[in-house]
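Chains as they are written, first to last, in my numbering: chain X, 22 to 284; chain A, 30 to 816; chain F, 821 to 981.
Derived by calculation from the structure, the hints in this document are not laboratory data.
Just so it is clear, CB atoms sit at the ideal spot from N, CA and C, and this is done for glycine as well.
Hints should not be assumed to be uniformly reliable.
[As the list claims (entries may be wrong)] Derived coverage of chain F by chain A (criterion: at least 3 residues anywhere in the stretch with Cβ under 8 Å from a Cβ of chain A; other residues may be distant):
1) 873-887
2) 908-921
3) 957-970
[To be verified] As a list, the in silico DSS-like pairs of lysine-lysine whose alpha-carbon atoms are at most 25 Å apart:
4) Lys682/A <-> Lys244/X
5) Lys273/X <-> Lys478/A
6) Lys682/A <-> Lys273/X
7) Lys831/F <-> Lys936/F
8) Lys273/X <-> Lys481/A
[Claimed, not checked] Which chain A residues face chain X? A few, computed with CB under 8 Å, are given here:
9) Ala150
10) Ser240
11) Leu732
12) Tyr739
13) Thr806
14) Ser812
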Amino acid sequence: MYNFEFAKPSSIAEAVEALGHDEAQALGGGQTLLPTMKQRLAAPATLVSLNGISEMIGVCVNDAGEVCIGGATPHATVAREAQAQYPALAALANRIGDPAVRSRGTIGGSLANNDPSACYPAAALGSGATIKTNTRDIAADDYFQGMFETALEEGEIITEVRFPVPEKANYQKFVQPASRFALVGVFVAKFADGVRVAVTGASSNGVFRWAEAEAALSADFSKAAVEGLSAPAGDMISDLHGSGDYRAHLVKVMTGRAVAAAG
Amino acid sequence: MPTDHGIGASSKRREDLRFLTGRGRYTDDINLQGQAFVHFLRSDVAHGRINGIDTSEAEKMPGVIRIFTGADFEGVGGIPCGWQVTDREGNPMREPPHPVLAQGKVRHVGDPIVGVVAETAAQARSAAEAVVLDIEELPAVVDMRKALADGSAKVHDELDGNLCYDWVFGSDDAAIDEAFSKAAHVTTLELTNNRLSPNAMEPRVAVGDYSWASDESTLYTTSQNPHVIRLLMGAFVLGIPEHKLRVIAPDVGGGFGSKIYHYAEEAFCTFAAKQLRRPVKWTSTRSEAFISDAHGRDHITTIQLAMDAENNFLGVRTDTLANMGAYLSTFAPSIPTYLHGTLMAGNYKTPAVQVNVKAVFTNTVPVDAYRGAGRPEATYQLERLIDKAAREVGADPVALRRQNFITQFPYATPVAVEYDTGDYNATMDKLLEMIDRDGFEARAEASRKAGKLRGLGINCYIEACGIAPSALVGQLGARAGLYESATVRVNATGGLVVMTGSHSHGQGHETSFAQVVADMIGIPENMVEIVHGDTANTPMGMGTYGSRSLAVGGSAMVRATEKIIAKAKKIAAHLMEASEGDIELKDGQFSVAGTDKSVAWGDVTLAAYVPHNYPLDEIEPGLEETAFYDPNNFTYPSGAYACEVEVDPETGKVQVMGFAAADDFGNIVNPMIVSGQVHGGLAQGIGQALLENVAYDENGQLLSASYMDYAMPRADDLPFYKVDHSSVTPCTHNPLGVKGCGEAGAIGSPPAVVNAVVDALQRGGYAHVTHIDMPLTPARVWSAMNG
Amino acid sequence: MTQVTMTVNGKPVSGDVEGRTLLAEFLREGLRLTGTHVGCDTSQCGACVVHVNGTAIKSCTALAADLDGAEVVTIEGMANPDGSLSTIQQAFQDHHGLQCGFCTPGMVMSAAALLKENPKPSEHEIREYLEGNICRCTGYHNIVKAIMAASGQDVSAIAAE
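Pulled out of the complex, with its shape left as it was, chain X reads as follows:
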């Protein structure tokens, strides 16, 4: 990789300042960024590690009952510490990458990157989470703006992600056999006021909500409710691991399985 200046601030304020430099970039767990930099596809002048900011690490529950996860919290910590409050989220975190990746990779890093096959975007969008940054709160519905595109401004840091806890939820991941990312991943969350269905891995526009399924499941939360539906095939990714039609089919199958597993 190209060389760069390395900075490791210990507070959000210091991190914001460090990221103000020209061509500075934030480093979460680095599980995607570092391989990208090895390929010389990214060349920050300064890399600002967020791994030393203790206020950004950890899992807690706020007064509104939301599960709040610090932006620099590794997946393994979420898998362990969110288990009691939000088991579907913990289970999702526990299937990202592999154990060694989960030790380093962070929720903030994953959401900031918004890989179209990543798991966390499905959880955030499916839960209607709030992405809290050093300057503002962003609703998940406004945050994801297409493959690798988010509402984050230059230098803006995800400090925390707040997840409302649904009555029932489940994530079904059908893995791409090589990368083990999601070929299709579907997060289904049933709240008192309706059901949210978020799909990752499938669309060339990145994570999306499957509105038709949400309507059907809000009326009848059962596997049967989605059986007559067809996922929108138009924007689906087609690659050597599966055609758009196959992905569209999997979206329906995984949605049904998530509903069944959510109970």
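With chain X held as given, fit chains A and F onto it using these hints.
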């Protein structure tokens, strides 16, 4: 026969101590004083004309020592091909040059164009980015059928097309036509044997070194056969005589064929080290490996089986297109021909077999041997075909095979080889004991209740390995001999060092070879040390591949040890004042038959080196012998394999529920190691069947260019295997009676998996699915079901 | 260049690193601990797995500078204090859980991390846990078996040696 030491014992591997504690010494662990690093600028287009290379800016970059281009290698030979195939008209194959660095044209993504040598690897890479290439992209030739069509772009302008050779083998047209004209039933199958990337976990590394004082070059390299590299690189590429060239392959992290070949990077590092008078190192990244390590397989075949009304096999006819890639790698031409065509009779007494192969150049990475090499392709075609035939005529697939088994040995096939021994019913019987075939219906029913489709696939295989008789392969076009060598050096105090031309890169030779020698003398295994991997201290050998190390290298070691024992008996006879013919060696003691006189092994070895009381008028002092062994036939391991799968009909995902392998490897030296070899082969075969695929787009861009897109089998893709090698028909022509076990797993397993999936779908009501091309990814299985 | 200080296999070490220096590079080139291997560049193969502050990570995908002050254990630190093989290492030898040895350091480090979390893992749990460790030689059979044996489970019923 279970035993706790010597031949037949599962001795623990001595090499494990260093590997388990981080003390292995792999090529990338070697760093020499004053070492520089090379980064190769490689083609990012599949086919193009080089109109200019401007290195002026790059030369100014920090740390740059020298930048080499194809022009620097104009006085140097190209990368040679080690095998010449003669086509059906008797003409030699087309053999275009393969320069170390591209000259004039680039012919595949990854073709090296420029080598930038700098003080650090990062500097070399940065400078390579500053090289300005003027490459005119040309239409790429990727698809083999299109490559052979009129008007196709040509990979090599100097050739009359993209055909390397058009080869025919086996029965003549009259015999094969007669077989098919008599047929009551003909089964036809078209299939693809998918292109694979070998992916030894250790990426390739080369370190070139040069001593101006002695004019000696040394190459440290990740090789399965250091002597072969010394011969090819010294004699054909760089013109360095062998006594001035040393090749060292230290601990090597797996090969599977991919580290047999002489690669351009090895020649480059050796050449540049001499030019620059300092060591030059290259370490491949995995991404680079995908575009520079030889690939494997990549055949497209139409195969037909003719049967009479009683389901006796009458004839087999094949038409195959075999991808050579852009250049001929070291053994590439032999794979689809002599390592493939010779196996097309399989385990069956089919009287007429004809194999037709067209080898084709394309703008892709060169293709060469990968675990099994030609034999997996042959087995896959034949065993898929028989399964399809059984279904078409309503025969039991096991019964149909048994009915047509060869049962009399030796057996000369219509495809030029003579099987010395075997018992195919015995391995099939053993397999059926292992898999509970009768219980399958109940398991299938349980799967059905869980919403899954269960299938069972069974097949046989035979392979020709222990390669090979030099005289035979010489007639067939090999440009090298395929003997093996060993030097056994006995030290004064009785310990032995065995120097072998074989090379161990996972096979455990340091353990199993020591078992053989210790067993012959009757001494503890820890008195025998095995040395391999350095041309300076081992006799000329051809290396390790083709399941040959024990059958050929082990036989050389036996011959050398026999010479040692014969001489030691002479010394013992002298010491005991007895007749040489009366001396017996047992448990490390020499005794005189019929008396209580004996001397210990150590007394004799000491006498050899301190010859105070010694028959100097009859024999020389010292105790060191060398033997070269050239087999007089291939060996023919065989077996029967079974795979049970579950298919998820909603997603097309296949899960392997069980896999059983019953092999006949002849005699076994270390059962633990043999089982391990089979396990690894099975994983690679199951990987080929379900996961792995090298994919190019129509422009020759590699789509499966990293582990993000090339699916390697992982622990959760695979089950525990059942393996058995208790069915033994010893090889009749080597002194150990061994056949070789390294490739069987990868040869026999792909058809078992595909047979099982097709069985599952047929049973599940998908009668239209009679074949799916590998890899059987969820998407492909789902498409086949819904197609 | 920045200076980093770590404890590696119980010994304090320090060295100058560039921002881009990976932990794997620091271990292999800086400290000459070449038991940690690099088998890919996409963070998949796991040959480089080491323990940092008690958890398994991929040392090819972590910056040395980011781990200033960390406690690192590599394969060279896994044997018993008297130099004999640890239980896990011994089980790998006893059950032929390695062939070429290249993936082995990462496998042993992952196995150790697993058994710390889950002292008696099932076959299924072991296979899942090894998702990030690729072996090309063994077909995983004997690796899984060795880890089960290292955790004190009876593996005599698992087929074949």
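Okay, the hints, checked on the actual structure:
As drawn, the segment 873-887 of chain F meets chain A at 0 residues by the rule of a beta-carbon pair under 8 Å; below three, the given contact is violated. For the segment 908-921 of chain F, the stated coverage by chain A is satisfied: 9 residues place a CB nearer than 8 Å to a CB of that chain, which reaches the threshold of 3. Coverage of the segment 957-970 of chain F by chain A holds in this model, with 9 residues showing a Cβ closer than 8 Å to a Cβ of that chain against a need of three. Using a Cα cut-off of 25 Å, the hinted pair Lys682/A and Lys244/X holds, with the two alpha carbons roughly 20 Å apart.
The straight-line distance between the Cα atoms of Lys273/X and Lys478/A is roughly 22 Å, inside the 25 Å bound, and the hint therefore holds. For the suggested pair Lys682/A and Lys273/X, the alpha carbons sit about 16 Å apart, so the restraint of at most 25 Å is met. Of the pairs offered as hints, the one joining Lys831/F and Lys936/F holds, with about 22 Å between alpha carbons and a cut-off of 25 Å not exceeded. Distance hint between Lys273/X and Lys481/A is fulfilled; the C-alpha atoms sit about 18 Å from each other, no more than 25 Å.
Using the Cβ-Cβ criterion of 8 Å, the hint placing Ala150/A at the interface with chain X is not satisfied: the shortest such distance is roughly 11 Å. Of the supplied interface hints, the one on Ser240/A is violated, with its beta-carbon coming no nearer than about 34 Å to a beta-carbon of chain X, more than 8 Å. Evaluation of the Leu732/A hint against chain X yields a held restraint, the C-beta minimum of about 5 Å falling below 8 Å. Of the supplied interface hints, the one on Tyr739/A holds, with its beta-carbon coming within about 6 Å of a beta-carbon of chain X, less than 8 Å.
Checking Thr806/A against chain X by beta carbon gives a least distance of about 6 Å; that is within 8 Å, so the hint holds. Using the Cβ-Cβ criterion of 8 Å, the hint placing Ser812/A at the interface with chain X is satisfied: the shortest such distance is roughly 7 Å.
Hint compliance for this structure: hints 1, 9 and 10 are broken, all remaining hints hold.
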